[in-house]
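*Asks:* This is what each chain is made of:
Number of protein chains: 2
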Amino acid sequence: MTNKMKLTRRQQDIYDYLHNNAERFAHPPTYDELCQELGLSSRGSLHKHIQALIDAGLVEPMEGRQGIRLVEWTQADEGIPHLGTIAAGRPIQAIPQPEFLPVPDFLLRQHPCYALTVKGESMIEAGIMDGDLVVIEQRDTARNGEIVVALINNEEATLKRLLNNNDGSITLIPENNTMKAMTFEAEQVQIQGILVSLLRRY
Amino acid sequence: MTNKMKLTRRQQDIYDYLHNNAERFAHPPTYDELCQELGLSSRGSLHKHIQALIDAGLVEPMEGRQGIRLVEWTQADEGIPHLGTIAAGRPIQAIPQPEFLPVPDFLLRQHPCYALTVKGESMIEAGIMDGDLVVIEQRDTARNGEIVVALINNEEATLKRLLNNNDGSITLIPENNTMKAMTFEAEQVQIQGILVSLLRRY
DNA sequence: TATCTAGTTCTCTTTTTGTTCTCTATTGTG
DNA sequence: CACAATAGAGAACAAAAAGAGAACTAGATA
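Just so you know, the protein sequences line up as chains A and B, in that order. Under this note's numbering, residue 614 is the last one in the first sequence; the count climbs by one each step, no gaps. Under this note's numbering, residue 614 is the last one in the second sequence; the count climbs by one each step, no gaps.
One side of the interface only, derived from the structure: several residues of chain B facing chain A at Cβ under 8 Å:
no.	residue
1	M474
2	L513
3	M541
4	R613
Some residues of chain A that are not near chain B, with every Cβ distance over 10 Å (derived):
no.	residue
5	I466
6	A499
7	R551
8	T595
9	Q604
Distance windows between CB atoms, simulated:
no.	chain 1	residue 1	chain 2	residue 2	range
10	A	D467	B	R421	42 to 48 Å
11	A	E599	B	G491	42 to 48 Å
12	A	H439	B	L450	41 to 47 Å
13	B	E537	A	G491	28 to 34 Å
14	B	M591	A	G469	46 to 52 Å
15	A	S457	B	R436	27 to 33 Å
16	A	G469	B	P508	28 to 34 Å
17	B	M591	A	Q509	40 to 46 Å
18	A	L450	B	H523	38 to 44 Å
19	A	Q509	B	Q550	32 to 38 Å
20	A	Q550	B	N566	45 to 51 Å
21	B	G451	A	S457	32 to 38 Å
22	B	Q550	A	E597	52 to 58 Å
These aren't lab readings, by the way, just hints derived from the structure by calculation. By construction, the Cβ of each residue, glycine as well, lies at the ideal position given by its N, Cα and C atoms.
Assemble the whole structure, with the sequences as input and the hints as a guide.
*Replies:* What follows is the structure in structure tokens.
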């Protein structure tokens, strides 16, 4: 449905404006407000452009209620934020101003995702190397055997394979036979996401 | 149509400019904008050059001939073809109708690329697992240490690390300590591309 | 009810942009 | 030298894009 129609110059401008100022409008803006912001004096002219954006699937009219509009966007169009570096035994080292990576649909999930750079070799036998970029789906639960981003004791973040033990404890397994699995109480471990895909540049 | 004639000096200039500054133009540039950038004062003159580039198939007019611009054709827009499966010791198993994968810029190179699915574990210690998708830059030469798609005796295709020996022979090294490196005469080995990036879904 | 507001539809004009044309200057070639 | 190929300037034109402004519609409101 993402009909990538080509926009005219002004249509792009207006879309960019809506996109960049989405937060500024508590309630979706009216045509008159937009006209003022964009320096137009005719609602009719604006309407023509908005209509084009609607046809292109970039914008949706507000449901039923008239008076207003709303913009929609997806991660596939926009890219996912690259939040920083994850190294076993350290907190995630955040990038001050996360940049957005364009990642194709087929490497994402429905739920929101973010990207991290892997530091270290703790998952090397799972084919995850130092410097790889991993795409993480934001979640606070995970199933057995999934590779997760886990926060331990609210201090250190790590990428490991998850094992939920019968007694309620949690074991985090590195995929590196020089390293040992570690077991924690459920309260000590907080799941921050699960691994959904991996990107590597040579 | 695709009149593959050689370009004049200025045509090449203009093509190079478009090529190098493609990123700078949020929307495809208008003729007036290009004139300014290129130091021309006549759209008519520009038009003659652009027309030559279109004839040469290097540039496409914006569809629908809207009051706008020309676009360079890049693989980032269209995606790269997924040609099939590469398994050590077999020819590449081609997909009848290759599908196109949208792959973000930063995982590509300037030169044409294609994607293959990796079958087998011969490169597992390089972090390349069974089922991974590799992006290959189409090339017929490679440097020492690069991971290449090599065709051996015009029969079997394989993904290995390349070693050019002093005596002119070529050694292909698997990254799997249960497998042995193999050495061939230069004539037996044909480079079909080099590894530029890797994608994996979980 | 009358009135106001905000989206829609319409006609019209202006501006922008690609195209086509002619004319001129420069350069290289036989 | 003549001649062709390349390069640019500038004018004129048609169509697309953008905008103005008025009239109309349907809800909301008083």
